[in-house]
Amino acid sequence: MKFKSFVTDLIDSYFQKELGPKFLLGFTCGIPFLLRLAVLDLWLKDFGLSNTAIGLMTLIQAPYIFKFLWAPFIERFDFPVLSKILRGRKRGWAVASQLLLFLGILGMATSSPESSLERLLFFASFVAFADGCQDVSIYACQWDRVSPKMHGPTAGIFTFGYRLGLFFSKSITLYLAHYLNWNYAYGMMAFSVFLCTIFILRMPEPLSSCDDTSDQITTKNRISCFRIISDTISRCLVKPFKEFLKDKHWKQFIAILILYRVGDILFQKMSKLFFIDIGFSILDIANVVQVFGSVATLIGGLIGGYLIKKFGVIRAMISFSVIHGCCCLCYIVLANVGNDLPMLYLSVFVEHSTSGAVTTAFLTFIYSIINKQYASTQYALLWSFFGISNMICRSISGIVADWLGWTNFFMLLPLTLVPSLMILFSLKKDVRLEKAECFDHI
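Take the sequence shown: its position 384, counting from 1, is numbered 384 in my numbering, and each next residue is one higher.
I should point out that these hints are in silico values taken from the structure, not numbers from a laboratory.
Heads up, some of the hints might be wrong.
[Stated by the list, open to error] Label-pair ranges, simulated between beta-carbon atoms:
1) S426 x L59: 28 to 38 Å
2) L103 x N181: 35 to 45 Å
3) M411 x S50: 18 to 28 Å
4) F194 x A62: 41 to 51 Å
5) I85 x L404: 51 to 61 Å
6) L283 x K246: 20 to 30 Å
7) R87 x F122: 50 to 60 Å
8) K310 x I85: 40 to 50 Å
9) G405 x D46: 17 to 27 Å
10) G48 x L180: 37 to 47 Å
11) I388 x E243: 14 to 24 Å
12) A53 x I254: 25 to 35 Å
13) D340 x N181: 25 to 35 Å
We put the CB at the ideal spot given by N, CA and C, even for glycine.
Make a model of the complete structure from these sequences and hints.
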């Protein structure tokens, strides 16, 4: 009876009219992400590059991490022509970002590591820049008009759409690469990104503090270009960050952003290279990791969002992190047994399902500590702390894996959770932080 009640409550939490557009936005954001990361890694591995070299090439993703530098301009200024045509600042920037992603992925499709590795990496970096613009423009739409009690389900449904976008892009790309070639696969993904523009055209323009046209600075005010830029940075970058620093827990928040997903990032970067090293094929990875693993991730994300609503974001983050760390130990067994398909299925299921829950909790945490008045800019700022940690961990992951070996590498991952867990336990003592919606005062 209790299980039936749990399932009914879980379904009711997600079958809300306002969550449908959030799912579509998540799907749109998910498609380009792995095309410049894990899928590109497999392409480079297939070309013959070492784990260390592939890890270091993560540094080309820097434009995505430093998206907070141009977030104020997306927050405050219309994109020429498009914003006027689409009757919305964020809608204009989002569509422009989609067009840039289309051009960047198409550029990757017309490149190859055999003929010009530099050209391929340039377009991958260009895709990272466009992906950052898309994130900033869509973020406010993701959380627009969301009540505090719906933070967990909103993060869950967005993650569900996002993971489905990841699943769509990486699985289709790998199948096409296996049966045809990498260039054709990326060409099809460029076309898919272009089609996703339909979802953006259907989204309403979100509310934003910098959208007040009565207070907008334009050239009609006869203010110098320098004055416009400095005022925009002050109001849409410096002020939002100062607002964030007013909370007494801001140092702990930043530490969590940097440390919480270190182990998860290290694993994500090296996992598919690990599977190839122990004898699995690209087709095995497409079938087990991309298809079966993606389903497990979607389930984990949805259940994670529901449990966050029930128990609060801090408790959920602690529980999900511990469970996920223990599940990564399955790969130690896989590293020792080698090419064993049933063990691969088991390892992928337990790791991906818990990873989905961890990601949902992390997104809920980020939104919960953001001032909704400065949603896009604060999101970009706070995400940059995670992004820098992400880039560093990914870039050194190959060095660590080659130095330690796969068994010791997987034994290291649970230990990376300890610092963030200590910080989360200290926050758990503060009663006002035990529920996700209690962050909404910031």
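Does the Cβ pair I388, E243 satisfy 14 to 24 Å?
-> holds, 21 Å
Distance restraint hint 41 to 51 Å, applied to the beta-carbon atoms of F194 and A62 | violated, 25 Å
For I85 and L404, compare the CB-CB distance with the range 51 to 61 Å and indicate the outcome.
-> Once the Cβ atoms are compared, 54 Å apart, the range 51 to 61 Å for L404 and I85 holds.
Please test the hint of 50 to 60 Å on the beta carbon pair from R87 and F122.
-> violated, 35 Å
Cβ distance range 25 to 35 Å for A53 and I254, holds or violated = holds, 31 Å
Is 18 to 28 Å a correct range for the gap between the Cβ atoms of M411 and S50?
-> Cβ of M411 to Cβ of S50: about 22 Å, so the range 18 to 28 Å holds.
State, for the Cβ atoms of L283 and K246, whether the hinted interval 20 to 30 Å holds or is violated.
-> Taking Cβ atoms as reference, L283 and K246 lie about 53 Å apart, which means the hint is violated.
Starting from the hint 17 to 27 Å, judge whether the C-beta atoms of G405 and D46 obey it.
-> This hint holds: roughly 23 Å between Cβ atoms.
Hint says 37 to 47 Å; check whether the CB-CB distance for G48 and L180 agrees.
-> violated, 20 Å
Whether the CB-CB distance between L103 and N181 falls inside 35 to 45 Å | The hinted range 35 to 45 Å is violated for L103 and N181, with Cβ atoms some 21 Å apart.
Starting from the hint 40 to 50 Å, judge whether the C-beta atoms of K310 and I85 obey it.
-> The hinted range 40 to 50 Å holds for K310 and I85, with Cβ atoms some 44 Å apart.
Do D340 and N181 keep their Cβ atoms within the hinted range of 25 to 35 Å?
-> Since the Cβ atoms of D340 and N181 sit about 30 Å apart, the hinted range of 25 to 35 Å holds.
Hint compliance for this structure: hints 2, 4, 6, 7, 10 are broken, all remaining hints hold.
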